[in-house]
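Going down the list, the protein sequences come from chains A, B and C.
Using UniProt numbering, you'd call the opening residue of the first sequence number 1 and step up by one each time.
Using UniProt numbering, you'd call the opening residue of the second sequence number 1 and step up by one each time.
Using UniProt numbering, you'd call the opening residue of the third sequence number 1 and step up by one each time.
Since the hints were made in silico from the structure, they are not lab data.
Heads up, some of the hints might be wrong.
Said to hold, decoys possible - Below, in silico cross-link-like pairs of lysine-lysine (DSSO-like), each with a Cα-Cα straight-line distance of 27 Å or less:
1) Lys123/C - Lys15/B
2) Lys192/A - Lys355/B
3) Lys295/B - Lys117/A
Claimed, not checked - Label-pair distances were calculated between CB atoms; the ranges are:
4) Ala17/C - Gly151/B: 40 to 48 Å
5) Leu384/B - Ala17/C: 26 to 34 Å
6) Pro238/C - Glu197/B: 29 to 37 Å
7) Gly71/C - Glu137/B: 54 to 62 Å
8) Ser151/A - Gly71/C: 51 to 59 Å
9) His313/C - Gly151/B: 40 to 48 Å
10) Gly92/C - Gly314/B: 54 to 62 Å
11) Ser118/B - Pro115/C: 49 to 57 Å
12) Ala22/A - Ala239/B: 50 to 58 Å
13) Ser66/A - Leu48/C: 49 to 57 Å
Stated by the list, open to error - Covered stretches of chain A (chain C as the covering partner; in silico rule of three or more C-beta atoms under 8 Å from a C-beta of chain C):
14) 84-96
15) 205-214
16) 218-228
Being a predicted model, the structure only gives us computed values, none of them experimental.
Where a beta carbon is used, it is the ideal one built from N, C-alpha and C, also for glycine.
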Amino acid sequence: MTDLRADHLPPSGAPVRLWGRALKSRSLVLGAALTLIFVLAALVSFLWTPFDVTGIDIANKIKGPSARNPLGTDHFGRDILSMIMVGARVSIAVAFVAVGIGMAFGVPLGLWAAARKGSLLDEVIMRGNDLVFAFPSLVIAILITAIFGPSAVNAIVAIGIFNIPVFARLTRSGALTLWQKDYVLAARVAGKGAARISVEHILPNVTNLLIVQGTIQFSLGILAEAGLSYVGLGAQPPTPSWGRMLAESQTMISFAPHMALFPGLAILLTVLGLNLMGDGLRDLFDPKLRGRS
Amino acid sequence: MSLLRIEKLDLDIGKRPILRDVSLSVDPGQIVGVIGESGSGKSMTAFTVMQLLPEGAVARGSVTLDGHDILTLSEPELCALRGNKVGMVFQEPMTALNPIRSIGDQVAETILIHERVSKTEALNRAREALARVELPEDRFPLTRYPHELSGGQRQRVVIAMAIALRPKLLIADEPTTALDVTTQAQILKLLERLVREDGMGMLMISHDLAVVSDLADEIVIMRSGEVVERGPCPVIFSALQHPYSISLLAASTHAPDRSVQVEDTPLLRVSEVRRSYRTPRKTLFGKPGAFEAVKGVSFDLKKGESLGLVGESGCGKSTLTRAILGLEEVQGGEILLAGEPVFTGHSPNRDVRRKMQVVFQDPYGSFNPRHRVDRLVCEPFHLLDTPPTGKARDRAIEEALTSVGLTAADRYKYIHEFSGGQRQRIAIARALIIKPELILLDEAVSALDVQVRAQILDLLADLSDQFGLSYLFISHDLSVVRVITDRCLVMKAGEIVEQGPTEQVFSNPQHPYTRELIAAAPDLPELA
Amino acid sequence: MLRYTLTRLLSLAVSLAVASVVIFMAVEILPGDPATLMLGVNAQEDTLAALREQLGLNGSLWSRYLSWVGGMLTGDFGTSYTYRTPVAEMVGERLWISLPLAIYALTLSTLIAFPAGIWAASKRGSAADVGVMGVTQLGVAIPNFWFAMLMVVVFAINLRWFSAGGFPGWDKGFWLSMKSLTLPAIALALPQASILARVMRSSLLDTLSEDFVRTARAKGLSKRQALWRHALRNALIPVLTIIGLQFSFLLAGGIIIENVFYLPGLGRMIFQAVSARDLIVVESVVMLLVFAVIAVNFLVEISYALVDPRLRHGR
């Protein structure tokens, strides 16, 4: 006869109330707004940018922010605002696909390992995960670029591979607690097999975890992509990318700091937005963790 | 003068009222039992005395402990009182101790916090305190860690910590709820002895009327934050005034009416069942050991019968339950339901499985929170070759829900909209929907408050009359088994040590273990 | 404890073996002839043959693997094609920059994160907590190489407190060298410290809500005492895990930061080796980094057992 505890509460209430609570969460609203701005900037850039990002305009090179170029121009006279908008595409696409790769492989592996807990299969999957963790993502990226040459696709693969064990571990640990639940036992009594239970009962109850972790990996992906293109292992010219804009600005940083400032701010704000959104979502899905992290 | 006097205590947490106008007192050497169902505020009363309340809690009124007005003391003054003048024992011994510090260390800390003594001196006194709670050093060295002790032993360590400085008041919050009945009896005896020896006052919080009535000098009955009745024990039971206390006592002893028609054909036949598990290797290259959870168990359950399976934790009853349900293969023996084996080859037999269903203990963990009630109760249809669809499915859902006392409209709700008792009804509806012959009730009423429990027991009795159901009632709670079963089995260490008609087993137990169990179970006073 | 250590040691050995196979095979599955890849398609046939001989490409897969691993075990990492010096020698030199940098950054990160995390957790909900959480939120989001660039602008270009990059060498004086590692270490440490502080805080908050902390309070310990004597050590396990992960990240993360500050460390070496397609160097340095990660994880697991008696007793 225990008193009602928070963990007895359902993970989510009626959808309507969830939306109401979402709008009240400051970090969620702020984070979602920031993220949305950059996603929109990337989408708009397909249709329109203030200037052509491939056009070289030496007359206007290295100008600070002005009415014509709100964020100034770079050493080729290109408009930095336009470049940041186009650069958002690469960052967001790389990070998004990398999260997709991580989930597509990691979640089924995690579910499978949890369903066969303690078996050889579980052991192999988990040790495999550890092994990937032993290769820092940057080292994977370097290995891949050393072999296949630098490109945005290789950056995606490198970041994506590192995401797989993250999702596999998370899914497995979430699933293991769920396998202890009586409703899973009830499903087994109803003759349902491990695969069916994983899909019907386990997966829907780990989605909250996955969404939260997804936003976090998304932001890490953006940071990783920026780092890779900064050292020239990411998207190749002439595609603009935030990391390479920073790399190019480095030699001119003493007399043109705006060239370094704005792409960096773009990365910072996108990552911040995603992280705030992740925290907000976690609080929303799991009220007992509110304010924990 | 009273040792502890609570007067007109109101407590709010945030905007939620928790306690209203609570008054009670404890004299030196007196044991006061506080009884209530979950949400009655009984634990919060205890925590108010300790001033270990959750954030946002505001208390009004007065709480006087040994001349100190608790509610006006500063935090350092409170720290000086806690552990020194008042000790506390908690419900969950498995988590109440710091897992990474030795027990001697943890007991000695109580002394070191309050008195300026050397570490050696503190350890010496910790050794004494542990000896007083019957953990002598030769068998339980001070260097033991909590994980090396059983639940009952850990609770003793917690008690040793609480009484190390011989406080004037001991607060025990459900101290035996998480323990087996024989361990419970030992811990209660220990607490009583310590109270009598030291002349302590004790405030004993429990949901279990029987536990408290055995021990207490005075009883306080609480409901939704208020005291509804107070009086000396056991006199109070013959002169209960408040309708709530009367119904509480009635519910605790409630025996549902059952008109049993037991046929002589066995429905479930368990013969010579064995199940063992591998235990981890002791050394790196050693052989893994084996633990026999079920050692050759045999019994029959007749059609229409309600059979009890009683045993303490670790006796193998859960393993046996899982084996009967076809969730685990057994290594020896056979389980037949209506003449057919539960396992054919290495896979469970669907035809057999559809004849039995199960209801679990935890009403909160038994349902996928993301599914609606209709989908939840339909889950066992998976066992049918052609599960009903459309109208037939709707009719089946409706029938199952109404037969457990819910309405047809409840099918559109989610599980979090229901209380614990209602959830247990839904669990029964889920079991009923494929019209099984046998329902296994695995501690199915153990987590419920007594009044809800009485209702569910009535429901189960009705259903068995109505549908000719048989029950296998697995429980550690003797009082429940006694009122709902025709026959019962007593299990210990993987073996059935005694079986027979329930009344006979209870009134004239043969096996020493059964006698021990029955003697350990606390008794309720008879209603006058 | 012995058994625990032995099983961990065994798993360390297995991980290393599998990692070496993975790295070896990754280079093996290289499309085309590694020698051509390294020298370019216009290379002379005899130079190609010489390189193949040097790479040991003429033996069987198995014998090549064994000689590679065997070489590494005896400290022979092969000879760099581009620099024509033994890889072991190059690595040895570079390690003396990368390793101190990683340790410096890890020390900074821990020294910042522990007090910040503990402080925030003990004052949960207060202005201090909100402040720490806000700053760490920024710290987690900031790209470390960008932060490094900003620091160069402020502290090197404007204030002239530090040099903008380069490394004088340990023989030019310990403090001078440490000074040139300071900005890189701060740049590396800041995001790590933010993560660590958040983990410390949330782990501590979890532990503070455990039953045994309530028990401690019931004994008469103040909130502070309960935190220091009971919660903190119990909260350390996830923190240790993160510290372990961070060390490997710092070793590898140096690749980018070493670029910003023109530090001749391992990271810069591997990066140059990739540009020059010097696969012998890439292969060996990657293996070395992976070894470092696995070894650090081993140490972390051993330290779990020191914290938690349940692991010592072989559970």
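**Prompt:** Taking a Cβ-to-Cβ distance below 8 Å as contact, does the region 218-228 of chain A have at least three residues touching chain C?
**Reply:** holds (count 4)
**Request:** Examine the region 205-214 of chain A for residues whose CB is less than 8 Å from any CB of chain C, and state whether their number is three or more.
**Result:** violated (count 0)
**Prompt:** Quick one: are Ser66/A and Leu48/C within 49 to 57 Å, going by C-beta?
**Reply:** holds (55 Å)
**Request:** With a cut-off of 27 Å on the C-alpha distance, tell me whether Lys295/B and Lys117/A pass.
**Result:** Measuring from Cα to Cα gives roughly 26 Å; hence the hint holds.
**Request:** Would you mind confirming whether the straight-line C-alpha gap from Lys123/C to Lys15/B stays at or under 27 Å?
**Result:** holds (23 Å)
**Request:** Hint says 51 to 59 Å; check whether the CB-CB distance for Ser151/A and Gly71/C agrees.
**Result:** violated (32 Å)
**Asked** Could one say that the CB atoms of Ser118/B and Pro115/C fall in the range 49 to 57 Å?
**Response** violated (31 Å)
**Cβ separation of Gly71/C and Glu137/B, checked against the hinted range 54 to 62 Å** = holds (59 Å)
**Prompt:** Is it true that the C-beta distance of Pro238/C to Glu197/B lies inside 29 to 37 Å, as the hint says?
**Reply:** violated (44 Å)
**Prompt:** Between His313/C and Gly151/B, is the Cβ distance one that fits in 40 to 48 Å?
**Reply:** violated (18 Å)
**Request:** With respect to the beta-carbon atoms only, verify the hint that Ala17/C and Gly151/B lie 40 to 48 Å apart.
**Result:** holds (43 Å)
**Request:** Note whether the CB distance of Leu384/B and Ala17/C lies within 26 to 34 Å or breaks it.
**Result:** violated (52 Å)
Comparing the model with each numbered hint stated earlier shows that hints 5, 6, 8, 9, 11, 14 and 15 do not hold.
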